[in-house]
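Student: Take a look at the letters that make up each chain.
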Amino acid sequence: MPIPELVQTHAGSVSRVTLGATKEQGGTRTHTVTIGGAASVVYGGLPEKAGDRPLIAMDVLDTRPDDWPESLSQSFDDVMDSPGKWAAKCVECGADLICLVFDGIHPDKGDKTAADAVAATREVLGAVGVPLILWGCENADKDNQVMPKVSEAAKGENCLIGIVEQDNYKAITAVALADGHNLITGAPLDINIGKQVNILVTDMGFPAERIVTYQSTGALGYGIEYAYSIGERQRLAALSGDKMMAMPAICNVGFEAWRAKEAKLADAPGWGDVAARGPMWEATTAICLLQAGADIIRLRHPKSVAIVKNFIDEIW
Amino acid sequence: MALTGLDIFKLLPKTNCKKCGMPTCLAFAMQLAQKRAKLDACPFVSDEAKQTLDAAAAPPMRLIKFGQGEHQVQVGQETVLFRHEEKFHNPAAVAAVVSDSLTGDALLARIKAVNGLQFERVGLHLGVNAVALKNDSGDPKLFRDAASALKQHSKLAVILYSDSADAIQGALEELTGACPLIASATQSTIEAMAGLAKTHKCPLAVKADSLEALAELTEKAAALGAEDLVLSLDGLSVKERLYTWTKARALALKKGCRALGYPTLSLVDQGDDTRQLADAASLLCKYGNIVAVDSVEPAVYLALLTVVTNIYTDPQKPIQVEAKLYEIGEPDETSPVLFTTNFSLTYYTVESDVEASRIPAYILVVDTEGTSVLTAYSGDKLNEECVKAAIDKFEVESKVKHRKMIIPGYVAVMSGKLEEATGWEVLVGPRESSMLPKYLQEVWSK
Ligand code: SF4
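Residue numbers (our numbering), protein chains in the order written: chain A, 74 to 389; chain B, 44 to 489.
Calculated directly from the structure, the hints in this document are not laboratory data.
You may find that some hints are simply not true.
[Claimed, not checked] BS3-like mimics (lysine-lysine), calculated; alpha carbons at most 25 Å apart, straight line: (1) B:Lys329 x A:Lys122; (2) B:Lys263 x B:Lys93; (3) A:Lys334 x B:Lys367; (4) A:Lys122 x B:Lys282; (5) B:Lys282 x A:Lys382; (6) A:Lys334 x B:Lys481; (7) B:Lys130 x A:Lys268; (8) A:Lys382 x B:Lys329; (9) B:Lys424 x B:Lys436; (10) A:Lys122 x B:Lys298; (11) B:Lys282 x B:Lys297; (12) B:Lys130 x B:Lys298.
[Said to hold, decoys possible] Each pair of labels, with its calculated beta carbon distance range: (13) A:Met74 x B:Ala149: 41 to 47 Å; (14) A:Leu79 x B:Ser458: 52 to 58 Å; (15) A:Val164 x B:His168: 38 to 44 Å.
[To be verified] Derived list of chain A stretches under chain B, where covered just means 3 residues or more per stretch with a C-beta under 8 Å from a C-beta of chain B: (16) 287 to 297; (17) 320 to 334; (18) 341 to 349; (19) 355 to 368; (20) 372 to 383.
Glycine included, every Cβ here is placed at the ideal spot set by N, Cα and C.
When you get a sec, could you build the whole thing from the sequences and use the hints?
Tutor: Below, the structure written as structure tokens:
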């Protein structure tokens with residue numbers, strides 16, 4: 074039986090952002106990666122218009138974390154004191170990108186110095202060839218103090234650096250511009266603030282085509298529906314031609330998912346073995362957010378990376 | 044698809060005879076469009092117009108029920124493509140596969156494992172919704188025996204998976220009154236299967252490899268009297284199914300394509316548990332109404348059932364927890380007291396972080412109509428008065444000897460007024476709940 078035609082015409086699409094720089098481009102990465110480009114809602118058009126394959130960034134912390142559940146930390150126990158070795162192990166696990174998280178500079182989590190952060194950055198740059206994400210500790214003062222130094226240390230590498238927020242964006246936006254990086258704009262699960270911060274940084278002269286948005290993430294069972302709907306609304310806005318909402322999106326799945334009881338509780342009768350359950354919780358969070366249009370997913374466990382990569386291979 | 048007043052006007056006699064009580068046919072049409080009048084009021088409408096209008100009034104996606112009693116599954120009647128546009132109405136059903144290649148104790152063990160897929164999380168009960176009995180043996184007798192075992196040992200709604208009308212018929216005879224979903228009729232079995240569905244008053248899934256073929260099958264089934272239908276795709280990859288279901292949802296909702304206005308059924312049985320989990324999770328988002336998984340691993344179902352709960356949450360109605368004094372661990376009269384709001388997400392985040400601190404504590408939940416700390420504070424739903432009222436109502440002063448209240452860092456500004464109103468000493472906690480373990484261990488313990 075003939076069925077009606079579904080003609081989708083959209084005024085806009087998600088912008089494309091390329092990360093990393095090879096030797097010829099002034100960096101030291103072995104290759105670059107590109108995200109974004111979707112010209113339809115997820116599965117809502119031709120597969121050729123679905124945009125670039127979403128990528129997985131694995132978290133590497135600048136300090137050995139003391140609050141990771143054992144089922145997670147055991148995968149990296151031998152490398153957690155060395156961000157470089159940790160990053161190399163992640164690349165072996167299939168990470169497309171390394172997200173170097175400067176948790177350790179947070180005043181309450183070690184209060185490390187800018188010199189420490191620069192050393193960690195250099196170590197990771199030297200240890201792996203994939204492009205880097207440089208993620209601050211989300212304490213505004215400390216990030217403003219340390220991240221400019223980190224940015225400078227990675228100058229020319231075309232990293233993705235952040236996050237900048239509505240009430241604290243100037244310092245990091247300025248250095249990202251000066252050092253030729255791409256920028257992550259952050260907002261607390263509020264799509265209007267998400268747009269506002271994009272407007273603020275572009276008003277400073279930062280190119281919209283070099284921004285990736287972080288709208289905050291909720292884990293499966295803990296508010297994922299908010300992040301999911303913001304993801305869908307962001308994609309629809311991009312398709313409608315709104316240039317200030319057309320950036321690719323990054324989700325911080327690892328951190329959120331591993332806070333969930335379902336991921337970390339070892340003694341949970343009837344919930345299945347925690348060794349399998351934790352990665353499943355993390356991977357399911359990621360897969361749901363991929364349905365809503367995420368472009369980069371931050372993950373932690375090698376097993377969830379494998380699950381999500383297999384899924385991406387199936388679909389993109 | 045709702046018709047406009049003008050669409051309806053075109054179907055009326057246009058004689059302006061006023062019998063309907065309206066001055067003109069156009070005025071009547073406008074009233075109809077706003078559902079303020081009934082079509083019966085006009086004695087002259089043609090049968091054709093009646094049909095068109097009835098069809099337009101019916102929901103664009105049919106509601107399908109199968110199973111019995113409290114385990115009845117109800118799916119479909121969705122109205123939007125994106126949950127933020129309104130909400131998803133009838134939570135998708137997750138089914139677990141039981142194969143009839145199992146017999147005796149092995150079959151029983153599998154059925155029991157499926158029955159056991161029940162979970163309590165964040166104060167909610169979640170359980171697998173249905174059993175998909177698969178005729179892997181190809182033997183109608185074994186299928187019938189397995190159906191009989193199911194009837195005896197499980198109350199869950201049943202999906203009968205077989206391409207053989209004979210096998211379905213035998214199983215249906217075992218399951219009288221259980222109203223299983225028959226899956227599935229194909230081009231070659233549609234007559235027999237539709238007959239069985241009609242006789243046994245069960246919904247029927249139809250299966251094909253394209254939307255065009257599916258639309259043809261649903262029309263055929265409906266003509267044969269089987270109107271409670273479910274769509275199923277045959278032989279397509281997960282990727283193809285995701286694209287196809289998304290298109291079907293859009294065609295039914297946006298283009299008024301009746302022949303595709305039915306819920307969907309997807310069987311996920313490729314690969315190991317993790318692959319099935321990934322495939323099923325994506326299908327539950329886009330746009331599976333019933334997803335059957337060939338696993339009995341609890342962690343898979345805990346995750347999938349949580350996906351359904353989250354995606355089908357009404358975006359307009361935040362989920363709330365009961366306002367009361369919650370005990371975490373076994374707190375005593377020296378244990379810390381924290382307050383937070385009754386927005387379930389806020390509460391469960393705080394609860395999980397307090398638990399992680401391993402320090403027994405009381406969490407006082409203040410009723411803020413299900414809003415988060417910041418939203419509640421700025422909307423004046425969280426102030427010193429309501430915290431004081433909660434302290435009194437839940438008799439916090441009889442539970443602890445001290446008078447120290449840990450408050451969320453985001454509302455540090457209310458410290459002064461709160462101290463005045465309650466006489467308690469206020470300790471400003473961290474802004475982010477994730478810092479609570481450290482705060483409790485370091486600040487409180489000193
Ligand atoms: S009764 Fe029917 S034909 Fe007469 S005015 Fe009303 S709508 Fe028109």
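Student: Against the structure shown, which of the earlier numbered hints fail to hold, in ascending order?
Tutor: No numbers; nothing is violated.
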